[in-house]
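Undergrad: Each of the two chains sits in its own frame; use the hints to bring them together as a complex.
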Amino acid sequence: RKEVEQDPGPFNVPEGATVAFNCTYSNSASQSFFWYRQDCRKEPKLLMSVYSSGNEDGRFTAQLNRASQYISLLIRDSKLSDSATYLCVVNIPSSASKIIFGSGTRLSIRP
Amino acid sequence: EPEVTQTPSHQVTQMGQEVILRCVPISNHLYFYWYRQILGQKVEFLVSFYNNEISEKSEIFDDQFSVERPDGSNFTLKIRSTKLEDSAMYFCASSVLTEDTDTQYFGPGTRLTVL
Numbered sequence: 001r002k003e004v005e006q007d008p009g010p011f012n013v014p015e016g017a018t019v020a021f022n023c024t025y026s027n028s029a030s031q032s033f034f035w036y037r038q039d040c041r042k043e044p045k046l047l048m049s050v051y052s053s054g055n056e057d058g059r060f061t062a063q064l065n066r067a068s069q070y071i072s073l074l075i076r077d078s079k080l081s082d083s084a085t086y087l088c089v090v091n092i093p094s095s096a097s098k099i100i101f102g103s104g105t106r107l108s109i110r111p
Numbered sequence: 001e002p003e004v005t006q007t008p009s010h011q012v013t014q015m016g017q018e019v020i021l022r023c024v025p026i027s028n029h030l031y032f033y034w035y036r037q038i039l040g041q042k043v044e045f046l047v048s049f050y051n052n053e054i055s056e057k058s059e060i061f062d063d064q065f066s067v068e069r070p071d072g073s074n075f076t077l078k079i080r081s082t083k084l085e086d087s088a089m090y091f092c093a094s095s096v097l098t099e100d101t102d103t104q105y106f107g108p109g110t111r112l113t114v115l
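Protein chains in written order, with the numbering used here: chain A, 1 to 111; chain B, 1 to 115.
Pulled out of the complex, with its shape left as it was, chain B reads as follows (with noise of 0.2 angstroms):
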């Protein structure tokens, strides 16, 4: 069964530095999102992306995040200037998105942890 995949699995990283989480989407979908989760409390909403553009993105996706899909098949969630605050479980997602099915597909997530 086709899924979503996420490199690194675990990221440590000093303040102040930049990061690249990486994930493969599964490869016939076109919509694409990430989303943090803060231990122990809930997933929320980062940025979805689409035709190689952003569709949309919360108020927590500041101008520190930038999303790109630099090939077919890789998404990338890039922090430039990584926070405490940061320290999360970053999961990627992707869908087909048609008028039968908008399910998302979640990635085994990435965490951040931020010294």
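Next up, chain A with everything else stripped away, as it sits in the complex (with noise of 0.2 angstroms):
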């Protein structure tokens, strides 16, 4: 099983649309869960931590199930300026908290 798996996309959908993405990962220590998004040769930039209990901000709610080691991701009421490729990021516990990234999802919102 891949560390960090991700449905690679590409998502091709209207503006206004909900979208989900889904995560899952293989080392059950992990205790830290990350969005990140990446726009097309640029840095990968944090959207947002993923908490235990759940959390939304804004258009944006992410949830994790530790018993299926899964994380989602939630966007509602896309943007054009939402397309991008989302990465699902897992920490693996050592010393220096490495982070593992999944492949990303691309999504491409159209008008």
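No wet-lab data here; the hints were simulated from the structure. Please note that the accuracy of each hint is not assured.
Below, a list of computed lysine-lysine pairs in the DSS-like style, where the Cα atoms sit at most 27 angstroms apart [stated by the list, open to error]:
1. A:Lys79 x B:Lys42
2. A:Lys42 x A:Lys79
3. B:Lys42 x A:Lys2
4. B:Lys57 x A:Lys2
5. A:Lys79 x B:Lys57
6. A:Lys2 x A:Lys98
Computed footprint of chain A on chain B, listed as stretches where at least three residues anywhere in the stretch have a Cβ under 8 angstroms from a Cβ of chain A [unchecked claim]:
7. 8-21
8. 64-76
9. 89-96
Per label pair, the in silico range of CB-to-CB distance [to be verified]:
10. B:Val96 x A:Asn55: 13 to 21 angstroms
11. A:Glu15 x B:Arg22: 39 to 47 angstroms
12. B:Gly72 x A:Tyr70: 38 to 46 angstroms
13. B:Glu53 x A:Asn65: 31 to 39 angstroms
Note that the Cβ used here is the ideal one computed from N, Cα and C, for glycine as well.
TA: Following this line, the structure appears as structure tokens:
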């Protein structure tokens, strides 16, 4: 099983749609989970951390299911500017908290 | 807002040459990292660095690679003898790493092209 696995997409949805991404991770000892977004040829930028109870930031909602080792990201009322690659990121507990990236899910929002 | 900076933004080199990629982490951060991303592939961990020594490294980080914090602000990645397959984006990241947060913040990257 891959350390962090995501559906690569691409997801192509109309503006205003709701879109959901899923991610699974293999290391049950992982404690920290994140969603980053990456625009073409740019650095990964933190979108949001994912907390056990689930958390929301505006149009974005993240959920964590530790039992299933599953993380999700929901984007409501999608905007053209949401077009990017969304990276699921999981920490591997260690002295310096190494993080592992999924391959990313490409999202394209059409007008 | 403080940010991680990297120089140069693009480096072109000949195979076999040495390159040094530079990073200035966020000033109060103590943990530093290098990642690489080959075009079209995922971001891969190379090395983490804390208290002036390597904490962890991946299998990619072989003897051709080294890291250094030569002064209080810079954090460098050196590739001794570049290969064609070293062509990639190299991202530096830093974090505070406390009980409350271990979020890593990334620099804009250096695009390395080996000819």
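Undergrad: Hint by hint, where does the structure go against what was stated? Just the numbers, ascending.
TA: Per hint list: 5, 7 and 8 violated.
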